[in-house]
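Here the protein sequences line up with chains C and B, keeping their order. By the count of my numbering, the first sequence reaches residue 302 at its end, each step adding exactly one. By the count of my numbering, the second sequence reaches residue 381 at its end, each step adding exactly one.
It cannot be assumed that every hint is accurate.
[Said to hold, decoys possible] Okay, derived cross-link-like pairs now, DSS-like style, lysine-lysine, Cα gap no bigger than 25 Å in a straight line:
no., chain 1, residue 1, chain 2, residue 2
1, B, 24, C, 198
2, B, 120, B, 172
3, C, 52, C, 267
4, B, 93, B, 120
5, B, 20, C, 198
6, B, 20, B, 131
7, B, 131, B, 120
8, B, 93, C, 198
9, C, 198, B, 120
10, B, 123, B, 20
11, C, 114, B, 172
12, B, 93, B, 172
13, C, 114, C, 52
14, B, 172, B, 24
15, B, 172, B, 131
Don't read these hints as lab results, they were simulated from the structure.
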Amino acid sequence: MTASVTMPVPASRAPRDLSQSWSAERGPLIGLALAAPLIVLVVVMLLYPLGKLISIAFDDGDGFGSITAFFSSAAHIRTMRLTFVDSAIVTLVCVTVGSVVAWALHTTASRLTKAVLWASIILPFLMGSVIKLYALVVLLERHGVINRALMGIGITDSPTRLLYNQFAVVLGLTYHMLPFAVLPLLAGFQTISPDLVKAAESLGASRAYALFSTVLPLSLPSMLATGTIVYIICLGFYLTPEVLGGPTTPFSSSLIAQDVFQFYDLKSASVSALVLLVGSLVVVLLAYALVGRERLARAVAA
Amino acid sequence: MTDDPETSQPLQPHAQTPRKLGLKLDRVCKRFGEVVAVNGISLDIDHGSFVTILGPSGSGKTTLLRMVAGFMGVSDGSIWIGDRDVSAVPPGKRDIGMVFQNYALFPHMSVIDNVGYGLKVRKWPAAERVKRAREVLALVGLAGFDDRLPRQLSGGQQQRVALARAIAFEPKMLLMDEPLGALDRELRVRMAGELRRLHEELDNTVLYVTHDREEALTLSDRIAIMRDGKVESIGAPQDLYARPDTAFVASFFGGHNCAPCEAVLGPAPGTAGTVRVVALGQTIEVARSARLSADAKQAGLAIPGDALEFADAAGNTGAPAIVHSAVYMGNQIQVFCDVETKDGAPMQLRIDLPGGRAVPPSPGTRVRVVVRPQLVTAVPA
């Protein structure tokens with residue numbers, strides 16, 4: 001009678017089935033399965049086209065010949081210079097203005113100020129690019145709102161050229177990019193106590209020096225990170241430079257579009273795209289080197 | 001203010017120097033829209049004294065401190081530090097050091113740079129800056145911590161750095177906003193002792209804001225008790241404790257019982273400043289607060305817990321009461337009693353009995369409560 005020796009088991013409790021048991025940690029296969037849609041997307045939409053791009057750019061076997069050809073064209077150089085310089089100006093303006101707005105949002109006690117600032121950030125963020133661009137055209141064009149106002153007051157006699165130049169492109173891009181700057185900057189500022197500025201002021205610093213010596217060093221990593229985001233998005237802009245800049249101030253995206261749609265020159269387009277890509281990568285690496293690990297750790301600890 | 005000239009003289013650590021004004025508030029007001037946070041406060045503080053602003057939250061004490069510091073403008077009135085009207089002077093030019101509740105140390109600067117910040121903006125050469133910062137750090141007991149970052153320090157050490165930073169440039173005035181609030185109890189008591197010691201060594205005026213009456217008692221030469229944007233009372237800790245002049249001061253600062261008088265019989269013959277009242281079934285002669293007019297018909301009594309004791313429950317002295325609860329606290333036992341009043345209004349009194357080996361009475365016990373009049377003050381009802 002061996003059966004009588006075992007402990008009585010309630011009938012409802014089935015023997016333990018290990019394949020059904022719960023475990024706190026999931027195996028690597030489940031993780032992979034969950035990430036699969038994203039992995040497929042990255043491979044199909046990003047890695048494959050990138051490989052294709054490289055193979056088209058270098059397909060005739062003359063090594064870097066296509067690259068040297070690209071840089072020997074004055075038009076290409078001018079376009080690249082415009083793209084990188086204008087984006088840099090936009091980045092500088094966005095980080096500067098964005099910092100002021102974000103710090104104000106962080107420190108103001110007035111609910112009205114807060115509401116107005118949030119509205120001014122979120123509304124343009126939610127508006128379509130085309131609507132924003134059209135609004136800017138209405139403001140800036142030859143007989144637009146600003147020109148009529150300027151002539152009405154008597155500051156100018158004839159319409160000033162505000163549209164289809166570098167100024168219009170920088171303005172449009174800044175308008176578009178400002179929310180992208182304010183939001184990460186605000187996240188960075190929220191780790192900084194406004195009392196630090198008060199403490200610095202009570203110790204004898206002017207308001208400007210107090211901000212310069214406390215908030216600036218503490219938020220430098222988030223400013224650099226924000227600048228990098230803004231700069232890289234700016235480099236790839238197409239619509240805004242096309243509409244506000246016109247043919248005289250082409251961005252490299254316009255150059256690529258021209259090559260593809262007007263000249264059917266996929267090779268030239270690929271080379272331009274690669275130059276743009278490498279430029280963006282350099283910016284990211286530079287930012288990482290500048291911010292550095294220690295700085296980032298301090299920013300987090302603050 | 002209701003300064004009694006006899007009692008409001010601060011204990012002066014620098015008594016040999018002629019009396020000099022440290023801080024003067026002249027009818028200072030702060031309004032936020034409809035809300036009046038600070039309502040016409042006038043206050044003269046001697047140079048070299050340690051004055052605490054004590055009040056419950058929402059009494060306007062922090063607003064007052066922020067106005068003195070210059071982080072907020074005054075809606076009305078003026079603020080003088082020394083002999084200078086600073087009402088329209090930015091914080092950095094007021095010659096004040098401030099210790100914040102959360103310390104507000106600069107997290108990206110080493111201890112020595114934090115302490116030397118005030119000297120740096122005053123354009124001290126680097127070598128002297130470091131020398132002075134080291135001196136001050138030694139004074140607060142943090143020698144050798146020069147290169148640490150604030151986050152590498154404990155709460156108590158951060159507190160010391162904040163203090164060192166505020167006193168390094170020898171400001172005329174030191175402001176402290178609940179600086180010990182974030183520390184645990186033991187450390188708080190020790191730091192309070194050190195603050196007092198430091199104050200004796202330094203030649204400055206301290207304005208200290210807290211809601212903790214123990215801190216106020218330990219530290220202050222004078223205490224200003226704030227309520228609803230006004231200074232309710234000001235005086236030396238001993239005076240405010242032993243002879244509170246209003247019911248609020250008695251309960252908030254002294255922790256005393258407040259009981260209404262059943263009848264006020266007028267001034268006691270022959271002695272000024274006293275009044276005969278009927279309370280708790282006794283006719284007693286007690287000290288009269290300056291705020292209570294001599295011919296008042298109604299009054300309240302501020303009764304410290306140790307001015308009450310139990311009488312024979314079977315006798316007929318004192319007021320009948322029932323023990324509600326009792327708390328053993330080591331050196332004393334706090335007994336809360338529901339007293340039977342004539343009009344049936346609920347009245348609970350706290351009676352402090354000696355502790356030690358004594359056993360607290362059990363709830364529900366019928367007792368009789370008598371009052372020792374020497375420790376009691378009659379205040380406006």
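To see whether the hints hold, each was checked on the structure:
About 22 Å separates the Cα atoms of residue 24 of chain B and residue 198 of chain C, which keeps this hinted pair within 25 Å; it holds. About 18 Å separates the Cα atoms of residue 120 of chain B and residue 172 of chain B, which keeps this hinted pair within 25 Å; it holds. Restraint check for residue 52 of chain C and residue 267 of chain C: satisfied, since their Cα atoms lie roughly 11 Å apart, inside the 25 Å limit. Straight-line distance between C-alpha atoms of residue 93 of chain B and residue 120 of chain B comes to about 14 Å, which keeps the hinted pair within the 25 Å bound.
Distance restraint check for residue 20 of chain B and residue 198 of chain C: the Cα-Cα separation of roughly 28 Å exceeds the 25 Å cut-off, and the hinted pair is therefore not satisfied. With a C-alpha separation of about 31 Å, the suggested pair residue 20 of chain B and residue 131 of chain B falls outside the 25 Å cut-off, and the hint is violated. Taking the CA atoms of residue 131 of chain B and residue 120 of chain B, the gap is about 12 Å. The hint holds against a cut of 25 Å. At most 25 Å may separate the alpha-carbon atoms for a hinted pair to count; residue 93 of chain B and residue 198 of chain C meet this at roughly 13 Å.
Between residue 198 of chain C and residue 120 of chain B, the direct Cα distance comes to roughly 16 Å. Compliance with the 25 Å bound is thereby established for this hinted pair. In summary, the hint linking residue 123 of chain B to residue 20 of chain B is not supported, as the alpha carbons are separated by about 29 Å, beyond the 25 Å threshold. For the proposed pair residue 114 of chain C and residue 172 of chain B, the alpha carbon gap of about 37 Å is over 25 Å, so the pair is violated. Distance hint between residue 93 of chain B and residue 172 of chain B is fulfilled; the C-alpha atoms sit about 12 Å from each other, no more than 25 Å.
Distance hint between residue 114 of chain C and residue 52 of chain C is unfulfilled; the C-alpha atoms sit about 48 Å from each other, more than 25 Å. Restraint check: the Cα-Cα separation between residue 172 of chain B and residue 24 of chain B comes to about 13 Å, which is no more than 25 Å; the hinted pair holds. This hinted pair checks out: residue 172 of chain B and residue 131 of chain B have alpha carbons roughly 21 Å apart, not beyond 25 Å.
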